[in-house]
Every structure is written in C-alpha cells, then in structure tokens.
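With the hints as constraints, model all of the structure from the sequences given.
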Amino acid sequence: DGGITQSPKYLFRKEGQNVTLSCEQNLNHDAMYWYRQDPGQGLRLIYYSQIVNDFQKGDIAEGYSVSREKKESFPLTVTSAQKNPTAFYLCASSISGRGALEEQFFGPGTRLTVL
Amino acid sequence: QKEVEQDPGPLSVPEGAIVSLNCTYSNSAFQYFMWYRQYSRKGPELLMYTYSSGNKEDGRFTAQVDKSSKYISLFIRDSQPSDSATYLCAMSPSLTTDSWGKFQFGAGTQVVVTP
Numbered sequence: 001d002g003g004i005t006q007s008p009k010y011l012f013r014k015e016g017q018n019v020t021l022s023c024e025q026n027l028n029h030d031a032m033y034w035y036r037q038d039p040g041q042g043l044r045l046i047y048y049s050q051i052v053n054d055f056q057k058g059d060i061a062e063g064y065s066v067s068r069e070k071k072e073s074f075p076l077t078v079t080s081a082q083k084n085p086t087a088f089y090l091c092a093s094s095i096s097g098r099g100a101l102e103e104q105f106f107g108p109g110t111r112l113t114v115l
Numbered sequence: 001q002k003e004v005e006q007d008p009g010p011l012s013v014p015e016g017a018i019v020s021l022n023c024t025y026s027n028s029a030f031q032y033f034m035w036y037r038q039y040s041r042k043g044p045e046l047l048m049y050t051y052s053s054g055n056k057e058d059g060r061f062t063a064q065v066d067k068s069s070k071y072i073s074l075f076i077r078d079s080q081p082s083d084s085a086t087y088l089c090a091m092s093p094s095l096t097t098d099s100w101g102k103f104q105f106g107a108g109t110q111v112v113v114t115p
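As given, the protein sequences belong to chains A and B, one line each in that order.
Each residue of the first sequence is one higher than the one before, counting from 1 in the working numbering.
Each residue of the second sequence is one higher than the one before, counting from 1 in the working numbering.
Some hints could be false.
Label pairs and their calculated CB-CB ranges [as the list claims (entries may be wrong)]:
1) B:L46 <-> A:V52: 19 to 27 angstroms
2) A:I60 <-> B:N55: 31 to 39 angstroms
3) A:G63 <-> B:E57: 37 to 45 angstroms
4) A:K70 <-> B:P8: 36 to 44 angstroms
The set of hints was computed from the structure by calculation and includes no laboratory data.
Every residue, glycine too, gets a C-beta built ideally from N, C-alpha and C.
Here's what the structure looks like:
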C-alpha cells in the first residue's frame, strides 16, 4: 500500500524546545517537500529536496531544518528559533520535482501546538 | 499583496447545485494551474490541472483559466455532500530551475454541501 506517512498526528511542544516531525514515503519518489498551512493562508513551502543529500530552502525556511539521508525519509525539525511554530505541517512527494505539472502527493499532516 | 488570492468562504450550497470557485493571481508568469481538494484534517489531493488558458472537464468538474484576466475557476456540477471540503488552487510558472516543484497556493475555499 503505497503512500506518505507522517507522525505524529498531533504534537505538543513547550516554548524553547526543538521538535522533529517525521515523513516517510514508499512511492519511490525522488522529490520531497515540507509545507506549513495556517488558517486563511495558502500552503507555504518550507524546504524541498529533489535528491538524497540535497535540499533547498523554500519561502519560509527560517527556524526550520531538514535532512535527506535516505530517499524515503525527509524529517523536519522545528527549532526554538521559529517564532510562531503552531501550525499544520504537510509533507509531500513527487516523482522528480522537475515537472511544472508534476503531481505532488501529500501526507495526512502533523498538527503542532506550542504551549 | 499575496500572489494568489482566494476567498476563504465558507461557501454553503444545497445538494445538486453548482459550486463556483475562483482564484485571482498577480504573477503573469504562471502557466500551470491546479486545483486540490482537502478534507478536514487530511492532506490535499490533486483534482485537476490545466496549462495556459482554456477549459478542461473531468466528470462533474470543470476548470477554466483566463490568463488575460489572471483568473481561474473551478465548477462542480450536481454537488454532493461528499464534495464538502476545502478547495485550494495552486499555480506554477514555466519550467525553469527556480520553479521546479515550487507551487504558489491559494488560501483555500471551504465548501459545504447541505443535503
């Protein structure tokens, strides 16, 4: 059963703590993405990766970090430097990341709340 | 000003009615246009995509693009309660290295179809 999994579904964090969100895909896709979704705003790209061991900043990368050590995994760390981290985080993947009409497949999301 | 504007709704219609959704955009470089559907607490899924101006039909769904007005629309005919979701538009410029995999999303319109 192919797809993208994100864990955990809900995450609570105290201010000042780093937290890592998991994203795994078994679609054999080269490209993976992290988006943030806030009420009243569109999805905003945090980081993306088109190949293992390489990733690029998106529009709102400040306060976030990623790694891409394996093709199937693209974890996102929300650091204490992110000033407003409470949001819904979505991970996505696509075949290569090199096609303008290439479909991105999304995971179910992680809702992060900072207490 | 956001690059992509979309009325957040909610848009409430009776079952069987036509749902009309739209997005406006400011970047004339956008050439690829997509509509995603997102059910509550889930990741978005691709509904339709179009390239440049014109219409595209897929079952009960019709997508229209008017590049001269920088305006795109999605129509849902014979709406069903199962169509209740948030609909997001997304756009991408022409294929360049900088644009690979980088969509601009609208904020999404919440649609409620009442039985």
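Outcome of the hint check:
no., hint, result
1, B:L46 <-> A:V52: 19 to 27 angstroms, "25 angstroms, holds"
2, A:I60 <-> B:N55: 31 to 39 angstroms, "34 angstroms, holds"
3, A:G63 <-> B:E57: 37 to 45 angstroms, "43 angstroms, holds"
4, A:K70 <-> B:P8: 36 to 44 angstroms, "37 angstroms, holds"
Every hint from the earlier list agrees with this structure, and none is contradicted.
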